[in-house]
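Peer 1: In case you want the letters, here they are:
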Amino acid sequence: MAANVIGNFFRRIFFRIFNQKRELKLGFYGPPNAGKTSLANRICKDFTGEEIGSVSKVPHETRTVQFKEKVEISYKGKKMTFKMIDTPGIATKIDYEDFLKFKMKKKDAKNRAKEATQGVVESIKWLDDMDVVVIVIDATENPYNQVNLTIIGNLVARKIPVLIVANKVDLKKANIKKIEAAFPEYDVVGISARYGKNLEEFYESIFKLGKKL
Amino acid sequence: MVSKRKKNLGKIKGFSIQFLPYSEIKKLDSTERIRKILGLVLGNNIIILQGKLEPDEEARLIEDTMAMIGHVKNFRGIELAVIAGNGNGGFFGRFRKNLVNAIAGSDTGAVTIIGPATVVKEIKRNPKKIELLLNG
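Sequences listed follow chains A and B, in order.
For the first sequence, our numbering assigns the number 1 to the initial residue and increments by one for each residue that follows.
For the second sequence, our numbering assigns the number 214 to the initial residue and increments by one for each residue that follows.
Since the hints were derived computationally from the structure, they do not count as laboratory data.
Any given hint might turn out to be false.
For each label pair, taking beta carbons as the anchor points, the in silico distance ranges come out as [claimed, not checked]:
1) A:Lys45 with B:Thr244: 36 to 46 angstroms
2) A:Gly49 with B:Gly227: 50 to 60 angstroms
3) A:Glu122 with B:Gln231: 29 to 39 angstroms
4) A:Ala157 with B:Lys341: 25 to 35 angstroms
5) A:Thr48 with B:Ile261: 48 to 58 angstroms
6) A:Phe207 with B:Arg248: 38 to 48 angstroms
7) A:Ile6 with B:Lys286: 38 to 48 angstroms
Please read all numbers here as calculations on a predicted model, not as lab measurements.
Just so it is clear, CB atoms sit at the ideal spot from N, CA and C, and this is done for glycine as well.
The whole structure should be built from the sequences, with the hints applied where relevant.
Peer 2: Written as C-alpha cells, this is what we have:
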C-alpha cells in the first residue's frame with residue numbers, strides 16, 4: 001500500500017509539472033443496493049448516451065467491476081475526463097437464502113452468492129487504483145454501517161479524495177442530516193440517481209475534488 | 214404464550230462471548246491477527262476486541278471472510294462494528310489521545326465487536342448506543 005501511495009504522489013506531481021490532461025479514475029463504492037450503478041448509469045447516459053451496467057432490486061446485481069472509459073463531463077463550461085469504475089457492493093456477509101426471497105432458484109441463488117463474494121474481494125483490490133472515490137450511501141438506511149467506515153478508513157490511509165453521496169433522497173424515509181452528522185469531515189451531497197435530482201451539486205463537488213489532484 | 218417463547222429460545226444455538234485484550238494480538242502481524250479472529254468467529258464466538266484493527270486489516274478481514282463463505286459449511290460471513298471515542302477533545306485532547314495511541318500501538322479506547330453472521334443478525338449502532346441483535 002505504501003508503494004502505491006508514493007506512486008500516486010509522483011504521478012500527480014508529474015501531471016502537475018507538465019500540465020498534462022489525463023483521465024481521472026472515478027470509483028463508485030458503497031454497500032449493496034445503495035445505487036452505485038444507478039448513479040454511474042445516470043452520468044454515463046448523460047455524457048455518452050450509454051449505460052454502464054444493469055440495476056435490480058435484488059442485492060449484489062453488480063458482481064464484477066465495470067468500466068466506462070473517456071467519459072467527458074461538462075459542467076458550467078468546464079470539462080473533465082473520467083474513467084468511470086462501478087464496483088460491486090461491499091458486504092461483510094452474504095447468504096444465498098436472502099436471494100430466495102426474490103423468487104430465485106436455489107442453484108441460481110447459490111451461484112449469485114458465490115459471484116458476489118468474489119465481487120467484494122475485487123472491489124477491495126481496486127481501492128489502490130482510484131484517483132477519486134464517490135461513496136454511495138442509501139439515505140434511508142443507518143449510515144453507521146461498518147462497511148462505510150472501513151471504505152473511508154482505507155481511502156484516507158491511501159490519501160484518495162472522497163465524496164459522500166446520500167442517494168434516494170426522493171424517498172420519504174431519507175434522512176440526509178443523519179448522514180451529514182455521521183460524516184462531519186466530508187462533503188455530503190444528497191441526490192436521487194433514479195430521478196436525476198440534484199446532480200448539479202454532485203458535478204460541482206466532483207470538479208472541486210478533481211481540481212485538487 | 215409461554216410455550217411459544219420457550220420454542221423461540223430453543224432456536225439459538227450455542228455461542229460464547231469472548232473478550233480479547235489488545236495485548237493478545239499486539240505482537241501478531243496482520244495475517245496472524247486475522248487468522249486468530251476468524252478462527253474464534255468460526256468457533257461460534259462473539260469477540261469483543263479491545264482496540265481496533267488498521268483500515269487495511271479491516272479490509273483484509275472482509276476479503277478473507279468472503280473467501281471462506283462457500284468453503285466453510287454454514288458460514289455466511291461476519292457482523293462487524295468498531296466503536297471509537299469521538300475526537301471532540303480539542304487540539305490538546307486529540308494530541309494526548311494520539312500520543313497514548315502511538316505508545317499503546319492502537320486506539321485502545323476503541324472496541325471492536327465481531328461475530329458470525331449465523332449468530333449475530335445485526336449490530337445496530339448510533340453514536341450513543343450499540344445493540345446486538347441475535348438470530349432467533
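Peer 1: With respect to the beta-carbon atoms only, verify the hint that Thr48 (chain A) and Ile261 (chain B) lie 48 to 58 angstroms apart.
Peer 2: 49 angstroms, holds
Peer 1: Evaluate the given range 38 to 48 angstroms for the C-beta pair formed by Phe207 (chain A) and Arg248 (chain B).
Peer 2: 44 angstroms, holds
Peer 1: For the hint 29 to 39 angstroms, verify it against the beta carbon of Glu122 (chain A) and that of Gln231 (chain B).
Peer 2: 32 angstroms, holds
Peer 1: With 50 to 60 angstroms as the target window, see if Gly49 (chain A) and Gly227 (chain B) comply at their CB atoms.
Peer 2: Between Gly49 (chain A) and Gly227 (chain B), where Cβ atoms are some 57 angstroms apart, the hint holds.
Peer 1: Quick check: does the Cβ-Cβ distance between Ala157 (chain A) and Lys341 (chain B) fall within 25 to 35 angstroms?
Peer 2: The hint (25 to 35 angstroms, Cβ to Cβ) holds, given that Ala157 (chain A) and Lys341 (chain B) are roughly 27 angstroms apart.
Peer 1: Can the suggested window of 38 to 48 angstroms be confirmed for the beta-carbon pair Ile6 (chain A) and Lys286 (chain B)?
Peer 2: 43 angstroms, holds
Peer 1: Please check whether Lys45 (chain A) and Thr244 (chain B) have a Cβ separation lying inside 36 to 46 angstroms.
Peer 2: 43 angstroms, holds
Hint check: no violations occur; every hint is consistent with the structure.
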